[in-house]
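So you can see what is in the structure, the chains are spelled out below.
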Amino acid sequence: MTKPVLDLSGIHKSFPGVKALTDVSLRLFPGEVHALMGQNGAGKSTLIKVLTGLYQPDAGTITLDGNPIAPKRTEDAQDLGIRTVYQEVNLCPNLSVAENICAGRFPRKSWLGGGRIDWTAVHTEARRVLAQMDLDIDVAAPLSRYSLSVQQMVAIARALRISARVLILDEPTSSLDDAAVQRLFTVLRRLRDQGLAILFVTHFLDQTYALADRITVMRNGETEGEYLAADLSRLALVNKMVGAPPDQQPTRLDSRAPETGAPVLKAVGLGRRGALQPLDMELKRGEVLGLAGLLGSGRTEAARLLFGADTADEGHVETEGRSGRWHSPREAIAAGIAFCSEDRKHEGAILDLSVRENILLALQARSGLRLCMSHEQQQALADDYIKRLGIKTASADTPIGQLSGGNQQKALLARWLATEPAVLILDEPTRGIDVRAKEDLMDAVRALAHKEDGTGMSILFISSELPEVLHCSDRVLVLRDRRAAGEYRRGELDERSVLEVIAAEPAA
Amino acid sequence: MKRLLSAPSFTSWVSVVLMAVLFIAGAANYTGFASTQVVLNLLIDNAFLLVIAVGMSFVILSGGIDLSVGSVLALTTMVAAWLLQVAQWPAEAVIVLVLLGGAAFGALQGGVIHVFKLQPFIVTLAGMFLARGLCFLISVDSVTIDAPLFVALSQTQIPLLGGAFLSPGAVIALVVLGLGLWIAHCTAFGRTIYALGGSEASALMMGLNVGRTKVAVYALSGFCASLAGLLFAFYMLSGYGQHGQGVELDAIAAVVIGGTVLTGGYGYVAGALSGVLVLGLIQTLIAFDGTLSSWWTKIVIGALLFVFCAVQRLLSLKKAAS
Amino acid sequence: APLVMGFSQVGAESEWRTANTASIKAAAKEAGITLKFADAQQKQENQVKAIRSFIAQKVDVIAFSPVVESGWDTVLKEAKTAGIPVILTDRAVKVADPSLYVTFIGSDFVEEGRKAARWLLERAAKTPGAALNIVELQGTVGSAPAIDRKKGFEEVIKTNPKLQIIRSQSGEFTRAKGKEVMESFLKQRDKKIDVLYAHNDDMAIGAIQAIEEAGLKPGQDIVIISIDGVRGAFEAMKAGKLNVTVECNPLLGPQLMQLAKDVVAKKPVEKRITVNEGVFPAEVAAKELPNRKY
Amino acid sequence: MSSPPAPSSFWRHPLARPLAALALLLAVAALFVPGFLHLEIKDGHLYGSLIDILHRAAPLMLAALGMTLVIATRGIDVSVGAVVAIAGTVACVLVGSHGLAIAFAAALGAALLCGLWNGLLVSALGLQPIIATLILMVAGRGLAQLLTDGQIITVYEPASFFWLGGGYLLGLPVSLFVVATVGGLTALLMKRTALGLFIQTVGINPVAARLAGVRTAAIVFFVYVYCSLGAGLAGLMISSNIKSADANNAGLLLELDAILAVTLGGGQLSGGKFSLAGSLIGALIIQTLTSTIYAMGVPPQVTMVVKAIVVFAVCISQSSIWSRRTA
Ligand SMILES: Nc1ncnc2c1ncn2[C@@H]1O[C@H](COP(=O)(O)OP(=O)(O)OP(=O)(O)O)[C@@H](O)[C@H]1O
Ligand SMILES: Nc1ncnc2c1ncn2[C@@H]1O[C@H](COP(=O)(O)OP(=O)(O)OP(=O)(O)O)[C@@H](O)[C@H]1O
Ligand SMILES: [Mg+2]
Ligand SMILES: [Mg+2]
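Chains as they are written, first to last, in the working numbering: chain Z, 14 to 521; chain S, 6 to 327; chain W, 7 to 300; chain H, 246 to 572.
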């Protein structure tokens, strides 16, 4: 058997009040894809950050090709041939796409050219790597112009650009659609065959089994074990991650809401230049409406217009009691709409504030300056949601920035649930949360909507995971090229045919 | 036109147009205003400010701020004067030494900011006290410089068309601006500065050398400040602890007026020029008017600043909307 | 055409300065001279800019109160090349070539310090025996009046070993700082303070408040000497709270305008013209007060 | 503002380091200046260097309170000194002719207008805070001088005017009670309403704040108004203390000291978490330093260097890298 390229053993890392890693070990072999699995907060990202020099371990050794290494900075790791894509997109929004890809290693003009950056080469280079993933965008435009999914692909492209020994990807697919994932996988397989060692973190079991040769499972900051993917069944994997044999699968009572519910939110010709063609849409009480589409099909834009995050320049929105255009999210919130953004880092979490304050924020903002509840009530509310959504945190007073990615996502969901909205818009709510939590979330979504007494919430559910959309929704609206491409009732379509609709060539 | 409107440098263009408007207003109202020399005087009189603003642009683009520049300028004039007049050093050696000294002072501040993870504002504020204090330790009085090289540089006039002239200081400042543009847009160092300003955490995770860049940025700013100090010494032929009071604020204002965002990451080094010229133009307008009392001078400067920034802002808003 | 004068003022940092500006503006109007006035806000570079713009405007004569003494060679040479005569007011400049300016009219800060000290010497002579402890409130560190007034004062004080400056701190020429520093002086009880020497009236006025708040009688328990002779100082003297002020006359407008006319008419003028400045002890304050224009 | 979890060790507490720095400064002063800590009763009130420090720091503390909130929203207000000059001048111009109440009301009204102006430029027009407030910084002093024609306005009557900045209550300077009241009210406002939460939210992530329904523009507007009002009150205090209005010099560079106070107290200029108590301690550190320098008889030309070294030392002692080592 070949020797591991990278070998971590006995890694310990603790933060004030939290033991994130205890005696963790991990081996990466050349020419293999290694999946790192674990529940939210298991310590995956922390391990990666230790490995790449972003955090210093409290104890433990890391060896590369048998030589001990101790990266102090990310550059050290890079120089050693370790390339990383971190969990949150960590690029500079103000720089162009091409610069983000090439920063640190710009192609230069020769000495004669003054050694300056060769911008033409930078752009060609950027286009080349992006082309590997079938992405054809203007590389000279600033990164901030693109959606999170594009940014994520740019981050991956950056890591792929330079050939390396070890490639680490922390949930790279969390906001990619299926096609993009497949393209990424093609690239990864090729790299693997070239002898690269790839460490891959994901919460999608399908992807794990499609790609990984070997799996390391982490639980509560410890290594649970290392397995060959072929030897580990899905069920066994989930059990190892969760730590106990699954309690009896909850019986999924599908109490369908009466379909005659009155529309609570209606969009009439709602559109915005450059973002969304006029859209008609209706959301009934107690209904889950799925929004499906490819990257850039305009789902996020539609959600933002419905919520007033962007102002529409045509059409209007009707809710019970009023009709018109939103000028700010405040108005939408007042009308009982909630919106959980896909970009939790920039549009969701207030990183330095505590989990409690983050959960409370929207509720408080709605009731204005007067405190909406006493400190004890706040605490109780936060604790309640922490328990209900299984948010892994030291306490409700921990800054949300110290939570793992998935747990942040849950806390943000709690923020909106706390406002008890009539309409809840969820943009990629399952992004970065683990298998178990995802199922719980989908159950929760359905439970929130489908109340027997007809008082359920109306939910607009956006996800790049088509199975999720189909599983959750009563109705699915497909967007293509920033306009509605069709609407389907539950059961009318299966995954394949929806995919066909989604990916159809635009009618001329 | 549409391309111009959509260019990210639109704000900078707005500045240029507004500046032209200011100039035409001056020319229409005051005799002698519309002469080449008045324009060139803007460069001659603000050469030192331009050099400082170029350095400041880099600091601000990197998401920091450097309040020590005015004091470093004063310290440079003082050290140079002392070395020339009292220690009788050769002028060339003095020039090299103060430039290195300025860069070292800046690097030290950058080092403290990086190593101790302190806020640039407070560190450079302390640096500002320190540099100014050191001036007074050397001498509280002003020291006249009569070294031939300095005198020559001070009084040389580089003739241009039509009897107008430029000073060597102004030429040096323009060269510095050119170099600044080159560093910002054609070197990896320059792009790392932008990255740092865009998101320091991301820059770190992208494996860019954040520490070295930060130290270098402040060293660059210190260097520019001491070069500006030399220009100032050429300009005034004296070393004095009170020189350059409040220059840091002028420089920051110039950079921000030029379209650079104070929180870092967005803007152009070239904006420093338009910012400096706007401030200089406002002053020139007031000097030509010559009827304003001290307090009206302040009010009018404030008002012109307001009009300028407001119009610039409104035009950019309109662009964003369209 | 009327004579055009470009005048670059230091700023408006004190009452004295405001009076100076007012005098010049009024005198120009009186004399039918068109005045181009530029305020430098205490910055030498602004003065240089203003002078350059005067040259560009081709004024007939340039006058200015320099912020500092040194650093004027280049721009004055430009003025000379343009054939514009330069008059200095208020303080002198150090230039290699004295022909760069025509004349200088104004006060002598060192002399003011000496005058203050001489008054104190006389007073000390009247009360022989006891040593006198002096505290000094300096002006802004590095400013010409602060340096010179200190120098002149110390020079004369040296002649009497009984006079000792026990503390000296900058009060930045302002009332607030003068008061704050004096408060701090008064808290230290190792040595008794007999005399306060303030570089300007404003600081003295601030210090008087501090002395009163400490339960002492300004002017009696502590002898107070200051410089400038602004109106507030006379009022304080009238109330017996200030002992003496050395005048630094800001009202040189009329003299300046006359000079300007002479200079432009190419009449010979003296290189150094002093303005009349007196020493006003408290005894004459009441009589003098109505005559004060500022 | 959120109540920090019970500090496991004293040094973890955010106020520990500023307090320690203050204590150390006082200790140095007490060591080198005999009688520095001495307090006595004179004329029925406390008298001594410590009281002076508190008294002198009062205007700075008021300015620092406002600056704290502005900085918490990622802003900066460099017009504080100019507002001090305007408010003081307005009060002194009016107090003789119109009486105390009108003069005070007009002064605070002027400060309010300044705040509205700043707030409008920043939140409605979207100018960068430093430029927006720079406009008032430059023009404000000019406006104040315009009111006085460049003269220093001395107030002789009524004596009640001097009470605010120079009077005593229960043996302590009135200014302290003013600071305590303003500080207390502000703290209450932050704790008992959601304002503190909103201010931090806007400072940390304005985009997310807007999406959560926070009135970001209104919050930003408010902090500038509040800051100017604090500065106005400080201006009243200063002019009442020296019984005159010095439009050119009153509050000169007070903004820098206020920002310094906020940072010394642990505030981050990048916005977010803030500590009112920390800023007050920061202001006290600055004033203690100044008073100590005076008391120790440091020659004025050396003062700046000493100040610089102390500021460096205090900053470095507060660096987060120490806590990481000890954690
Ligand atoms: N900077 C930090 N300070 C304090 N605690 C932290 C910090 N970073 C991570 N943690 C804690 O360490 C634990 C592991 O977090 P980590 O981000 O590694 O989880 P993860 O396995 O990547 O989870 P996810 O799947 O949600 O991304 C969590 O409990 C988290 O709260
Ligand atoms: N594959 C792509 N190729 C080119 N441009 C793209 C692509 N995907 C997205 N974009 C760009 O990204 C911008 C934002 O679209 P966005 O991805 O937010 O829409 P979306 O339907 O919400 O997709 P998602 O929610 O999956 O991110 C669009 O302006 C589009 O130009
Ligand atoms: Mg993670
Ligand atoms: Mg989307």
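FYI, nobody ran anything at the bench for these hints, they're computed from the structure.
Computed from a prediction, not measured in an experiment: that's the story for all the values here.
Treat the hints with caution; some may be incorrect.
Short, incomplete list of chain H residues facing chain W, as computed with Cβ under 8 Å [stated by the list, open to error]:
{"id": "1", "residue": "Gly293"}
{"id": "2", "residue": "Gln390"}
{"id": "3", "residue": "Thr399"}
{"id": "4", "residue": "Thr431"}
{"id": "5", "residue": "Leu433"}
Okay, the calculated bits of chain H under chain W, using three or more residues with CB under 8 Å as the criterion [as the list claims (entries may be wrong)]:
{"id": "6", "region": "267 to 280"}
{"id": "7", "region": "490 to 503"}
C-beta atoms are modelled at their ideal positions from N, C-alpha and C, and glycine is treated no differently.
Hint-by-hint comparison with the structure:
no. : hint       : verdict
1   : Gly293     : holds (7 Å)
2   : Gln390     : holds (6 Å)
3   : Thr399     : holds (6 Å)
4   : Thr431     : violated (25 Å)
5   : Leu433     : violated (31 Å)
6   : 267 to 280 : holds (count 3)
7   : 490 to 503 : holds (count 5)
Going through the hint list in order, the structure does not satisfy hints 4, 5.
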